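Asks: Here is how the chains run, residue by residue.
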Amino acid sequence: MSPEKTSPETMSIFSPQLSARFDALVEKYPLKRSALVPMLLYAQDEIGYLSDALIEEVAARIGITPLDVRNVASYYSMLRFKPAGKYNVQVCTNISCMLRGGYDLFEHLQEELGIGHKGVTADGLFSLEEVECIGVCCWAPAIQVNYDFHDDLTNDKVDSVLDSYRAKAKGEPANA
Amino acid sequence: MPKLVSHPDEVKVISKRFGMGATDIDRYIELGGYESTKKALAEGPEWIVNEMKASGLRGRGGAGFPTGLKWSFVPKQSAKPKYVLVNGDESEPGTCKDHLIFLHDPHAIIEGTIIAGLAIGAKTGFIYLRGEYRYLIQIMEKAVADAYAKGFLGKNIFGSETEYQVIVQSGAGAYEVGEESALMESLEGKRGVPRIKPPFPAVVGLYGGPTVINNAETIAAVPHILAMGGAAYAALGSERNGGTRLFGLSGHVERPGIYELPMGYNLKKMIYEVGGGIRGGRKLKAVVPGGSSTPVLLPEEIETLGMDFDQLGKAGSMLGSGAVVVIDDETCIVEFALRTISFYAHESCGWCIPCREGTDWLKKSLTRFHAGFGTMKDIDNIQYLAENMLGRTFCPLGDAAAMPTIAFVKKFRKEFEDHLNGKPCAFAKHLEVALV
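Chains A and B, in that order, are what the protein sequence lines are. Counting from 1, one number per residue, gives the positions in the first sequence under this note's numbering. Counting from 1, one number per residue, gives the positions in the second sequence under this note's numbering.
Extracted from the complex, chain A is given alone in its bound form (with noise of 0.2 Å):
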């Protein structure tokens, strides 16, 4: 499909807020497709992954084509191109976490969750992944779920993380 055909008012996948967004970021920047990078991940943010129409939208929206969107999509590691679970908890195992504990919260994770790197649960609300430094190397271990840090881990710390995730799911206040 060539970025002319689509037409980003009739088909949007977006959200207004998204759509929205996505019209005032283009404007700033001397060169539209400066937006690209930071787009995908916002966009991801709503759909979930980079979806084909996803990549077609983002593509007609700053007037590239489809494969040069995935070109620069694969090279940024927090751009998937699969679902990730509900909540996505990413393990840090370099350095600094490593060496206070980050393998044995990264293997307790895969026991607690019933899953290996990059693996979602049946359920669908936890996804687990082994990244690289996410800096928080101070407070190590760390982990990220989504967006959110939580540091300063142990096992027992991260089982009542997983809880908070788990009450927040069903609607409960989430209380760690």
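None of these hints come from the bench; they were simulated from the model. Worth double-checking, as some hints may not be accurate.
Said to hold, decoys possible - SDA-like mimics (lysine to any residue), calculated; alpha carbons at most 25 Å apart, straight line:
{"hint": "1", "chain 1": "B", "residue 1": "K190", "chain 2": "A", "residue 2": "D52"}
{"hint": "2", "chain 1": "A", "residue 1": "K32", "chain 2": "B", "residue 2": "K12"}
{"hint": "3", "chain 1": "B", "residue 1": "K190", "chain 2": "A", "residue 2": "A20"}
{"hint": "4", "chain 1": "B", "residue 1": "K12", "chain 2": "B", "residue 2": "G32"}
{"hint": "5", "chain 1": "B", "residue 1": "K190", "chain 2": "A", "residue 2": "S77"}
{"hint": "6", "chain 1": "B", "residue 1": "K363", "chain 2": "A", "residue 2": "S74"}
{"hint": "7", "chain 1": "B", "residue 1": "K155", "chain 2": "B", "residue 2": "E35"}
{"hint": "8", "chain 1": "B", "residue 1": "K411", "chain 2": "B", "residue 2": "T367"}
{"hint": "9", "chain 1": "B", "residue 1": "K269", "chain 2": "B", "residue 2": "R282"}
{"hint": "10", "chain 1": "B", "residue 1": "K142", "chain 2": "A", "residue 2": "L25"}
{"hint": "11", "chain 1": "A", "residue 1": "K170", "chain 2": "A", "residue 2": "D104"}
Since this is a predicted model, take the numbers as computed values, not measurements.
Chain A is already provided as a structure; the job is to place chain B on it using the hints.
Replies: Just chain B, lined up with the frame of chain A:
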């Protein structure tokens, strides 16, 4: 939430507003904020650059290039617009200092960005944060919106004829984008691969215009330097290494955290006094002094070592991002080396073959080695591979992977040899026990 720590030896310049509610613009102004920008606006570019040169401030991203000099390289006349680019892609393992700046003092970043723009004659500044720092991006975006509302940013900043726009940009996960030319590629909506240099960004940078790229910590220091005067700032540090910096202590120390200490502060003292020594009363085995890419140091090498760019260089390592990773005597260095190289293999953008293939081969060799299937020849091969990556890539990522690897093999050769002939890792059991 990252915990704030403090120690009596700290000299708080950049961190002086941490924990004081300075994310609120009115509170920031109450604490003396935006005075430096007004002063810079009144005094003009030449004064700014001279103060920056006098401050002896050197790039906090790791290269240690003098900031004032960098700004002076930007041509005064340019057909294309000029840009300021703040590098907050903070991704070097061990490094989390910018995290605290964005969290506690976002307006200092905005001020530094405006002042850098005034110095070089730019009308637009970009503040690029790694995508994982979403909550910090939101803090930065709110701070920028507040600054616009006050008229500190926009068409006529502080009621002057000067225009300045600031755009906060999110990355999406890439260590390589912390390299200046890859950062510009990413900001132009492309894969973050490095550009060949020259031309340097000061001449041909973002959108082809002259561009100054500074680390977020460098930028955060700028308003403080103008407030206290370049010479006073320089006097806080050691020779040819002006000021203070945010050192990040992580790993096996009793009190990890971000501490602001004068440049040239003794490394041993930093670990034992500031950091409270090695966790659990164990012994120091090694220390990575400036982020994962900097060659490891042995306990006997840090006795009289001052933490500045020159002294670390003389010691055969680098000050890098100031991220001090402390390793105790129950840690397997082969495993540590393997984790380090795995990171670089993952983050290599694949543009230059020596880095793409080299990091992968090193990772494979070290994986085999750590599993006990290595041969004596492998040890030399690891070193040979790493040495052949040095200086053969567009950007420093290849060097960043090779340098620590060479140091691990050279300084801990015996430990590598102990893994030969299917022998189990001597630390595997200890490691499990120690880390529970």
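Asks: Give a verdict on every hint.
Replies: Verification of the supplied hints:
no.: 1; hint: B:K190 / A:D52; result: holds, 19 Å
no.: 2; hint: A:K32 / B:K12; result: violated, 41 Å
no.: 3; hint: B:K190 / A:A20; result: holds, 23 Å
no.: 4; hint: B:K12 / B:G32; result: holds, 15 Å
no.: 5; hint: B:K190 / A:S77; result: holds, 14 Å
no.: 6; hint: B:K363 / A:S74; result: holds, 22 Å
no.: 7; hint: B:K155 / B:E35; result: holds, 19 Å
no.: 8; hint: B:K411 / B:T367; result: holds, 19 Å
no.: 9; hint: B:K269 / B:R282; result: holds, 16 Å
no.: 10; hint: B:K142 / A:L25; result: holds, 15 Å
no.: 11; hint: A:K170 / A:D104; result: violated, 28 Å
Going down the numbered hints, you'll see the structure goes against 2, 11, while the others check out.
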